[in-house]
Structure formats: structure tokens, C-alpha cells
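Novice: Sequence:
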Amino acid sequence: MSQNRMRFAPSPTGFLHVGGLRTALFNYLFAAKSNGKAILRIEDTDQNRKVEGAVENLMESLKWSGFQFDEGANIGGEYGPYVQSQRLPMYQKYANQMVREGKAYFCFCSAEELTKIRENQLAKKLARPYDGRCQHLSQTEIQKRLDDNMPFVIRMKIPQDFEEYHVNDLIRGEVKFKTSQIDDQILIKSDGFPTYHLANVVDDYYMKITHVIRGEEWLPSTPKHIQLYEYLGWPIPQFAHLPLLLNPDKSKLSKRQGDVATEDYRKKGYLPEALINFVALLGWNTQDDQEIFSISELKEKFSLERVGKAGAVFDVNKLKWMNQQYIKEKTAEELYELVQPFLPEYTKKLDQEVLTRILTIIKDSMVLLTDVDQKLDLFCKENPTLSDDALIAISQTEDAQKVYKALLNQLEQTDNLSSENFGSLMKAVQKETGVKGKGLWGSIRVAITLVEHGPDLGAVVDIFGKEKCLKMIKNVIQ
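With my numbering as the guide, the letters of the sequence shown map in order to residues 3 to 480.
Just so you know, not all the hints are guaranteed correct.
Cross-link-like lysine to aspartate or glutamate pairs, in silico, EDC-like; alpha carbons within 16 Å at most [as the list claims (entries may be wrong)]:
#: 1; residue 1: K320; residue 2: D291
#: 2; residue 1: K377; residue 2: D391
#: 3; residue 1: K301; residue 2: D261
#: 4; residue 1: K178; residue 2: E165
#: 5; residue 1: K270; residue 2: E165
#: 6; residue 1: K473; residue 2: E414
#: 7; residue 1: K35; residue 2: E302
#: 8; residue 1: K350; residue 2: D375
#: 9; residue 1: K440; residue 2: E414
#: 10; residue 1: K159; residue 2: E232
#: 11; residue 1: K476; residue 2: E414
#: 12; residue 1: K350; residue 2: D379
#: 13; residue 1: K320; residue 2: D391
#: 14; residue 1: K438; residue 2: D401
#: 15; residue 1: K468; residue 2: D401
Okay, the calculated beta carbon distance ranges per label pair [as the list claims (entries may be wrong)]:
#: 16; residue 1: K52; residue 2: T181; range: 55 to 61 Å
#: 17; residue 1: K210; residue 2: D317; range: 54 to 60 Å
#: 18; residue 1: E176; residue 2: K52; range: 33 to 39 Å
#: 19; residue 1: K65; residue 2: T372; range: 16 to 22 Å
Honestly, the hints are just simulated from the structure, not real lab data.
Ideal Cβ positions, reconstructed from N, Cα and C, are used throughout, including at glycine.
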């Protein structure tokens, strides 16, 4: 039995879309689960849409996400080159072969002619936008136009002697397409470059791809690809078309409603493990309540049988929750390295030991790595003060003011302050004021940490020391 081989084949037209990230992930997981090979191929035949630096950005985003392909661009392998613009003669060879065999033909129609043909087809309520007129040109007329250097494309001839194409999809089952609705697809464009349709079929055959796992948007093109395999006498791989990614309002995920680029999530402080975990659950599930998966667990449990047909909602709030869980699991030392790109300038005066201690205190409340900036304000600003009206109201209650004055008195009589003697000071304040429980501890938390619920008070006191705690208490005494 041949080894399973699948590919992720992005086009360098910009950023790595999170939908592309999911496609890469599902190919990667399927390969790992079946002891197969995952290949990275760059499909850059659309030169008009190619963006400078996009290949490098794609590679960087994939590297950050943790992917390790077995073969491909910048990796190598025995079936290279893995960049389509370096394989042009091969595509031309098979397009010419199909022309000789009457399975494809030269089309000389201009843009203006094609517009008129589409309008005419539409008026007749015909599904095919092109009427196939150039396939009826005589050989003499074809040669004359070629000799005159008339621009042309090469189109594949769609047979009309059967009613339907049947696509056996591993996710959707059997899907039928009426032959009468399938256009004579362009294979070679006027610039000599192949279209996606020809190039991906030729490359999948030569790279021995056994499974094509891609987005649902390519499902309508699959009959054309099947016809190409049949024309060329090649075995047809198995297809699996992944469900669409949707906004919460069930519209197709788009940049108009939020971030769609992998690099955007990286810049906002998401961890790659969290994004991968989240993306894995977009359309796939394990029939249980597990939501947090390591990459090794995903490799073990993934299967196409558990991928659904319905669109998957991209819930950013769920992603944020998941990211917070991953941040909580990091050690302070690990987090120290991760937050480096997001640290504000003023933290440079802190040494690593102090910053690591602070990270230990704040990490459980961090949702994104970028939160470190705001969270550090309390520890690094000279004189942080309350700004929230609700918290100011808490600090101004009669009990709170009694507690603050009593604690101030205790602090002024104490040589030093740490988590070790803070508890005994608080007991003295309770005894003096008669305030206890939330009235006692909640009031002090608001004064010292400027939040109602947050980090361990003792740990914060250890970082602040006596002088800063005195200043924080004085700030709230009326």
C-alpha cells in the first residue's frame, strides 16, 4: 500500500489566512495520524496577484505556528521544485498534449468578445459563461491565428456525452455536478502561466499526493480536476473539502468584521499553541467535552470522519479564553521570554528576577501577551491611582476609611513590610476597627492593587515593600 501524502499549497497573495492555517493543520494532522507525509507547495502561477515578500511571510507564520513539513519549499525533497513558477515547462507539456489529443483547444476570444458571450449566455439562462466557439475552428484558421501572433489561452474541453460528475468526498459523501453547468476551463493563460486547475493536478500527480484536503470553496472546481485526471490517465486522489469559517452572524469570515490573518493574532499576543488548538476545533470535534489539546493529542485523535459539513463559527471570545488557559500554564520564566516583544520601554529598568516575580503575580489575569503593558502599570509607574468610579466609591466608604487609617498607623510603626508580617498587621487592623472579611480585605485590595479581584495581596506587598504601600494607602485616605 502506498504511503499517504497530502499537501498544503498556499498562494503568495498576502498573509496566511486563518482558514489557510486550518487547512495546513488538518493536512498536517492527517499525515501524522496515518504515518504519511505533509508537503508544503507554493502555488504562485497567478503572477498578477503575487505580493512581494508574501512567501517569506507565509513561511514565517507557519514556522511560528509550529508546523514541520516533511517536504516542500525551503525544505527540499525528491519531488521538487515545490514552487510552481519553477515548473512551467511541465504544465505546458500536458496542455499541448491535450490539444493534440482533442481534449483541449486554443481560444482566441478577446476580453470584449468574452464579455458579450457571457451576456448572451446569461440572457439564454445558460450556466456556462463560455459557449465553446473556438473549439470549432478549423486547423487552418488556428494555425493562421498562431502565425499572426494572436493572443490565446488553452481551454479544456468538457465532454457533453454524460449528465453528471460524481465527486466522492471524504467529508460530504457523494456530491453531484451537472455537466451542462461546467465551463470549458482555461488551463494556460495568455501569459503562458497555467491556471490553478492544471498546475495543481499536474503537481499532485508528480508529488504522489493521495489526499487533497482543502477549503469548501474548491468543491465546485473538483469536477474539472477529475476530468483532467481522466484525460491524462492518472489515478484520482481522495478529496476532502473543509467547511467554511463564519463570523458570529454566520456570514463568511472576512476582514471587514475582524482579523483574519495569522500574523494579526500573533501581533495581538496570542500564543501559537492556543491559536492551533482553537483552529483545530473549527469544524472538528472528538465527541467529548475536551477543549484543550496539545499538538500530540491532536495528532492522536484527529480524523476526517469527525469533520462536519456545516460552517464553523470563529468565536474570538472562545479564542481569548483558550489563550488565557495557555498563559496560565506557562511558568514565569517561560512567560518572561514570550512577553519580550510586548514590554513597554519603562520596564527596561527592571532586572529579570523582579520582572519574573511580577509575572508570577499577574499571569493568571492575562488574556493576551499584550496585556503585560497594562498589568505592569501597577508595579512600574511612580504613583498609580484609582480611576474607576466604582472602586473609588468602595474606597470612600466609612469602613474602608477606618481600615486605611488603621493600616497606615500600623505601617508607620513597622520597620519593614513583606508577605510574612502582612497577615499579622491585618489582624491588628481588624481588631482595632472591628471590620473583617470583604470589608477589610476588599478595601485593602482596592487601595493597593487598584482592582477588586486580582493577584495575591501578599505577593504584591512583597514586590512593593513598605514605602510604596504607604504611598498607595495615603492616596485613598480622604
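Novice: Hints first: check each against the structure and report whether it holds.
Specialist: Right, here's what the structure says about each hint:
1. K320 with D291: holds (14 Å)
2. K377 with D391: Distance of about 19 Å is beyond 16 Å: violated.
3. K301 with D261: violated (27 Å)
4. K178 with E165: At roughly 10 Å apart (the allowed maximum being 16 Å), E165 and K178 satisfy the hint.
5. K270 with E165: violated (51 Å)
6. K473 with E414: Since the Cα atoms of K473 and E414 sit roughly 11 Å apart, the hinted pair holds (cutoff 16 Å).
7. K35 with E302: The hint holds at about 6 Å.
8. K350 with D375: At roughly 12 Å apart (the allowed maximum being 16 Å), D375 and K350 satisfy the hint.
9. K440 with E414: Violated, because 24 Å separates the two Cα atoms, which is more than 16 Å.
10. K159 with E232: holds (12 Å)
11. K476 with E414: holds (12 Å)
12. K350 with D379: It holds: about 13 Å lies between the C-alpha atoms, which stays within 16 Å.
13. K320 with D391: The hint is violated at about 29 Å.
14. K438 with D401: It holds: about 10 Å lies between the C-alpha atoms, which stays within 16 Å.
15. K468 with D401: violated (23 Å)
16. K52 with T181: 55 to 61 Å: The hinted range 55 to 61 Å is violated for K52 and T181, with Cβ atoms some 33 Å apart.
17. K210 with D317: 54 to 60 Å: violated (38 Å)
18. E176 with K52: 33 to 39 Å: holds (36 Å)
19. K65 with T372: 16 to 22 Å: holds (21 Å)
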